[in-house]
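Each chain is listed here by its residues.
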Amino acid sequence: MKDWQYRLRGARTTLSAIAVFIVIFALYAAKHDGGFTGNVAQTAANKGVLLAFVAIGQCFVVLTAGIDLSVGAVFILADCLASTLVTGSPLAVAFGVVAVLVAGLACGLVNGLIVVYGRLQPIVATIATGAIYFGLALWVRPEPGGDIDSNLADAVTGQLPGGIPSSLVLLLAIILLVWVPFRRSVMGRAVYAVGSSEASAYMSGLPIRRAKLLAYGFAGLFSAVGGLMLSFITYSGEASATNASTYTLNSIAAVVIGGVSLFGGAGSAIGAVFGALIFRTINDLLFVFDLDPLWQPLFLGLVLLAAVSFGSLRLLRIRNRLELFGQ
Amino acid sequence: MKVTTPFPQPFLIAALCLSALGATSTLARAAGPEVVAGPAADAQCFVPWTDKTKYFKYAKKPGPYRIALANGFIGNTWRIQMIKTAKAYAEQPEVKKQLKEFKVVSTGDDIAAQISAVNNFIDSGYDAVVIDAQNPTAFKGVVKRAQAAGVVLVAFDNTIDTDAAINVNVDQEGLGKYWGDWLVKNLPKGGSILEVRGVTGTSVDTDRHKGLQETLKASGQKFETVEVVGRWDDGTAQKVSADALAVHKKFDGMTAQGGSTGMVRAFMDAGAPLVPAAAETENGFRKLCLADQAKGLNCASGGTGPAQVAVAIKTALTALNGDVVPQSIRLPLAHVEDPGFKAGDNVYPDQTDNFFVGNSFPTCGINFTAQEIMGRSEANQ
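If you read the sequences in order, they're chains L and P. Position 71 of the first sequence, counted from 1, bears residue number 81 in my numbering, the numbering being contiguous throughout. Position 128 of the second sequence, counted from 1, bears residue number 174 in my numbering, the numbering being contiguous throughout.
To be clear, the hints were calculated from the coordinates, so they are not data collected in a lab. C-beta: ideal position from N, C-alpha, C; glycine also. Do not take every clue at face value.
[To be verified] Examples of chain P residues lying across from chain L (beta carbon under 7 angstroms, computed):
hint, residue
1, Val-93
2, Asp-155
3, Asp-169
4, Gln-397
[Claimed, not checked] Sample of chain L residues with no beta-carbon within 12 angstroms of chain P, all distances over it, derived:
hint, residue
5, Lys-12
6, Arg-22
7, Val-50
8, Gly-98
9, Tyr-127
10, Arg-129
11, Leu-130
12, Val-134
13, Ile-137
14, Trp-149
15, Gly-156
16, Ser-207
17, Ser-210
18, Ser-255
19, Arg-290
Can you make the complete structure from the sequences, with help from the hints?
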């Protein structure tokens, strides 16, 4: 087999997520009363990109065969911090953005340290730290409110000339700047290797601990980017416990829909991004179809179940995870 | 394949991208409604929140209209009854003829989903959007977009922090005053009163308490109140009322912010005299008031139930018609006092205790029967 054929096989789950997204988004856009205008694309993009960032964060950890239940709390903490820091002079705004990202990274690294050196199960460790991060968020912003530099917020959530949503461009830029180099680096491959088989990765002399730390650190960082995005959309911050858990669970759903294996070692952040976009579009179908309001949650659940099953269909059929990479 | 070691500083670059985007943003800003002098077109129904409240006059649009209800959380009886009431209101003949479409979407707890639902309604050309907001501070961008598109936004129940869209506010302090006034009238010599409060720390609880206490104090009579915390819940209210009765033996009056049925039941179970009761609008409470009138149970039942959604829709219709409405509206109270309780009219003996019966806002010409609400199919249109 040629090199490109191997790569195509490796990207199959991601490609099928992209195909599913195109089909359901086309259905949505075709049924939308407003037609497929810049505004409609902007609304869909903002909501999708928000979840996509958290899903990318979750994806890093899931690739190592871990799970991060604190992403929603970091996301909310970033939102609350942003609503106090990202305001004022341009310098203060820039400082605020950096501070929020650093805080997210720090939260993620703490998770990583506890999992790697504390040797706690990721699920338990991140439930505990998630509660702490949410506590901090509540301390920063006990009541909804605060302010965000509206120029920056309008810019990030607005439209570029030609009706292209800025948030989508931002997402693309971050994927190109972070995910692509990461995937090609030794660290990137170590993350996949740890998720596939930790023992083999160890025997191969890969930097297992650093790879895991990096994955958790990125989870925190990307959740914080999502949190910033939330504050740009809402022009404020709110320490909402329900939103924290909603985003944690939605990020896991998005990752699975995007073809990332919860057993680790297979999938990609691009798949997770499309998983998030699919998840959001499923919710948007409510808008274009006339459904009984009291049946909406049930309908969403059914479609979600179908999407998750489809996303993991290929993973169920394989006997050995190495098959995902070739044969 | 190229093998590289860790990372450049991607986020510095990302931050640069952000600032580059800043220069090219295109967000239309346009005029909202005209700010005019009062009073409102239907001044009896649309009472301004304060003397300083602004009045809005939107450009008159030809009907029939497309109106959407963007609900957030759905999952308690209040919200479900609210949505059923909204549908029932849209079906009432004089409302129906003004509506081309009435659409309901519930987006759950996720604030971003609710914001994009409202944006979608605006972009789809709906004439008005009625919102029960998940977060009061998160709708600045939505309000701008609605103004640019000439869409009427009306928030109710959980209102939004803005002076550029219409809010329909519940007057919680006024409800406390209503209970206080009625108790003062029925206990001209004063006396001891059991006050069953709500969920501690909420503004609803403190406002209702304040209204009640200030009215009792202002009466000049000697009132003593015993406060217990009933958490707006029948079970809790019944337990704490029973405890209070065990300690104090006898009261001259009782009042509850919620869990009213439980409070009255505690008096019955203890065999205590049935003293005047001023409380909320649960069907269970009104059922007891109706059944025990003969035994001397004298009641006042008031509140602003889920039917307030009808007032919000009416406000949107009035604004679309080009009539003047206040920016911030004080919702009227739906209330009934003895001997006004009538089975099938404002009490429903065959419905559950949890049904909220405060569905009549006479000053707005709004009234519903339980059958109208509960019998409504929830299908759209």
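Results of checking the hints against the structure:
| no. | hint | result |
| --- | --- | --- |
| 1 | Val-93 | violated (27 angstroms) |
| 2 | Asp-155 | holds (4 angstroms) |
| 3 | Asp-169 | holds (4 angstroms) |
| 4 | Gln-397 | violated (18 angstroms) |
| 5 | Lys-12 | holds (15 angstroms) |
| 6 | Arg-22 | holds (19 angstroms) |
| 7 | Val-50 | violated (5 angstroms) |
| 8 | Gly-98 | holds (15 angstroms) |
| 9 | Tyr-127 | holds (20 angstroms) |
| 10 | Arg-129 | holds (25 angstroms) |
| 11 | Leu-130 | holds (26 angstroms) |
| 12 | Val-134 | holds (25 angstroms) |
| 13 | Ile-137 | holds (19 angstroms) |
| 14 | Trp-149 | holds (17 angstroms) |
| 15 | Gly-156 | violated (7 angstroms) |
| 16 | Ser-207 | holds (21 angstroms) |
| 17 | Ser-210 | holds (19 angstroms) |
| 18 | Ser-255 | violated (9 angstroms) |
| 19 | Arg-290 | violated (8 angstroms) |
In this structure, the earlier hints numbered 1, 4, 7, 15, 18, 19 are contradicted, and the remaining ones agree with it.
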